[in-house]
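Here the protein sequences line up with chains A and B, keeping their order. Numbering of the first sequence is given in this note's numbering, commencing with residue 1 and proceeding in unit increments. Numbering of the second sequence is given in this note's numbering, commencing with residue 1 and proceeding in unit increments.
Quick caveat, the hints were computed from the structure, so don't treat them as lab data. Everything numeric in this text was worked out from a predicted model, so none of it was measured. A virtual CB, placed ideally from N, CA and C, is assigned to each residue, including glycine. Hints should not be assumed to be uniformly reliable.
[Stated by the list, open to error] Residues from chain B shown here face chain A by an in silico Cβ test under 7 Å; the list is partial:
1. Ala76
2. Thr111
3. Val138
4. Ile148
5. Asn149
6. Leu289
7. Val293
8. Tyr296
9. Gly298
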Amino acid sequence: MVKYLNLKINMYLHHPCKVGYSMISIEVLILFLIAASAVSYLLTKLNTFVGSMMTTITTFFTLIVLLIFGLNQSLESSATIVNFFSFEPTYLGLFFSIVITFIYFLISFAHHCFLSENEYKDVYNFLFLLSLAGVIGSFFTDNFLQLFFFFELIVWSTAFLIPLGKSKKAAVTYFGFSIAGSFAMLFGILLLGAQVGSFDISYGLENVSGVTAVIVFISFLFSAFAKLGLFPLHTWLPITHGNAPHTFSPVLSGALVKIGAFIAIFVLIKMDPVSELFVEVNLPSAHYFFALLGSLSIIFGTIMAIRSDDAKQLLAYSSMSHGGYILIAFSMLSSVAFASGFYHIVAHALASAGAFLAIAAVARQVKTTDIKGISGVLQKMPITYVVYLISVLSLIGIPLTGGFISKWLLFKPIFYNGWVFIGIAGFIGSIGSILYVFRPLSSLLSGQEQIKFDIKIKEAPLLMLIPMIIITFLNVYTGLFPHTLLTLINKVISELGYPRLDATLFSIAGYDGVMNPFLIGAVFLVGILISFLIFITLKYTHPFSSENEHLNSDTICQKELLYHRAHYFDQIDSSYRSVVTKMSDFYSFLTKEILLIGKKCVSYFMSNHIEIAILWIIILLATLLLGGLL
Amino acid sequence: MIGSLLTGIGIAAFGFFLQTLTSGLNRKIVAHIQKKHGPKWYQEFLDIFKLINKPSVHHGWIFDFGIIVALGGIIATAMFVPLTNNIVAFYGYYDFAIFIYLFFVGIIGMTISASASSNPLTSIGMMKALKSLLAYEVPFLIVVLTIINLSGENNLSDIAIFQQLDGNNWFIIALPLGALVVIFSLMGLLGKKPCDLYVAPCDSHTGAMIEHGGQELGMLYIMHEIAVFIAISLFVHLFLGGAQNIFAFILKYFIVYTSINLLHVLYKHFEIASKVKFYYKWPLFLAVLQAIVAIYFGLLINF
């Protein structure tokens, strides 16, 4: 069955033209999404379920169009209705838009489960689809200014979505960082346009040179860091992900932060290197420097995730860490590394969306995501538990999950080029992820059943289970049969001008190593089977409920146990606590100073006193007269 | 494929037998050093068979599932271990990433099972085990990176063959600092003093396995023995040039395990936080130093 499915998909990916579909315009697709967002707004006003279903159908339709017409290269680039827009369908844009639309589609299933209690449910669906329109536009536009416009569409629509969760501060923080990233990119775009005389993306990236190229490189990467939430522009991630609506956190983490990777690809791969080759590491020094910054993101994200007490914040820091992997992959300038980057985008999107959805399902029942506040929902929510487990196994990179393939591909160039410092970060990230992902597993999902939650906790509703089960299946499928995804990734890599990765149905080759995920799966299953046979043959156990256990019922009251439950990794946390708070202290200091300057500006320039206003007008006129402008 | 799978199962079974026997013999050796008689050389086998035939309790399906996954994952990893140049199950598929990541399945399975027991004390045990993992794995992996980079080989058996070629030294000679680091890491990996706190008998009341008894504990013992076999085999292939025949493998295996076990007798326990600090201080420093010296400056000890 799986083999047949694989054959069909691969045949389609290799020979899409045989299908013979007619063209569809990208412009029409974007306009359709904008119109659908308005319809969804009206329908949600009338009935939440109908409005949410409209959102799901719209995202599904968009996904189908991208899969059929995109892979068939039948997306029309010209714009006839809004004719000052122009598009260019590329495999790079197609890859990103498929991944992100797929996450939008899956998460939209769960809207109804959360929106019924939300005061602004109609706006939610409207903004959700509007942001997707921005996403499609961003990935297919061929013009830098239009790219900026579509980015702003995403930022503004999502900035109004986030406060529909727990806090408005989260929206402000998100907006602040996103705008900073956008304007850094705009600065680079304007400089590039001034030098090459065009805002065409391909032409601009090919022809920019000299100091301008360096500034464009830095400003674009600043933007990428802000969008991906990488160190040192990461502080918005935990605040925003932790407080965004439960259904939007998976979209933010699984999908929207990947826009940063899209920007990074422009300058890291599409532009000529702006720095000299660093011979010892066989990379341009600027690329190596940014790979090191990606490494810092991995380490910082990991240690911050270990010390997080909120499940969603923990996963947000995990996203920061995985953003570091993606940046490193695109800094390495080799096909294997690029394949790992693209594969990691998909693997992390699925794993992160699955983990966030599982936490959302628990939070829906117990109304909190605080790890210390709840425990023992496992018996009542077994499917949610399995979904979380498989998702976090992929985040760690355990074989049989998509995360393993991407990490295997990533470590190949690291090992072969001897990038020791990047390797250290990668190892700490991989092993550290075991520590942090198991904290919610052992403290929130497992652990003692709390009597106060005992009666009302139920398994997640069907509309939440559907995307969770699909994601779980795909987490495993991408770990067993990477060929399907690598076929599309190879097209993207070819488009970027690099040789394809050698991948067959059952094996991937990277440098001189060959990986056969299917063989690993088969061996693993044999191991499990032997273990199961030992268990069954000798089975002589009887169930023991938690009420009968002395330790369960009594000793949780001991201070020592409560301490360890609350401060799971306190012993190692204490060794770096003073260091990790420095960055947040710095941003707090910066915020205070900016607020102070803002207040002073308000008191100087926007005073209610007429005499001060007249004084400023006189100074302005005098300055203009002196400058000869009047 | 079936033949390879059967060979792999045979290697895992051999590994269990070899390690349990070696462990029993080592108990005798240590006892004699301490002027005691010690248990019978086959006492380890008796302990395990006694445990797996004893009744026990379980705390739901995840509790059992975790144990099955832990043992299954370790058996699968052992199936990928090459014994000699010729006794291999899956030739060409010994990528080191398999050992790194499949090996984690054991500890993850144990974590799943322990956390499902609902006993808060198991959390403390798992916390210690995971923190130890973070401590000893990173220096070890940096040394592995160095070896893969120098040999240009990614397969464990190819790394062993590389050392057997004329003009190449065993990596224990070429990379002495790296070998020292890996010995430190093995102390943690094997749960030997000074890095044994998470499995130490003195700390068993807050250990990961306090809710496991009888058959489940027996399965975890089997898992531990096979995990030790994998770890020692990795050392033999990474640093001692692998083995051209099974006798050479057994001899090297016995020497490595006994050496580490004797070091274990000399030390006292490290407290977990001290252990993490220690590994991120000296072994990490030495591993990075070795990597830089060997990769960037090409300085290897050659005879």
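Here is how each hint holds up against the structure:
{"no.": "1", "hint": "Ala76", "result": "3 Å, holds"}
{"no.": "2", "hint": "Thr111", "result": "5 Å, holds"}
{"no.": "3", "hint": "Val138", "result": "5 Å, holds"}
{"no.": "4", "hint": "Ile148", "result": "4 Å, holds"}
{"no.": "5", "hint": "Asn149", "result": "4 Å, holds"}
{"no.": "6", "hint": "Leu289", "result": "10 Å, violated"}
{"no.": "7", "hint": "Val293", "result": "11 Å, violated"}
{"no.": "8", "hint": "Tyr296", "result": "5 Å, holds"}
{"no.": "9", "hint": "Gly298", "result": "11 Å, violated"}
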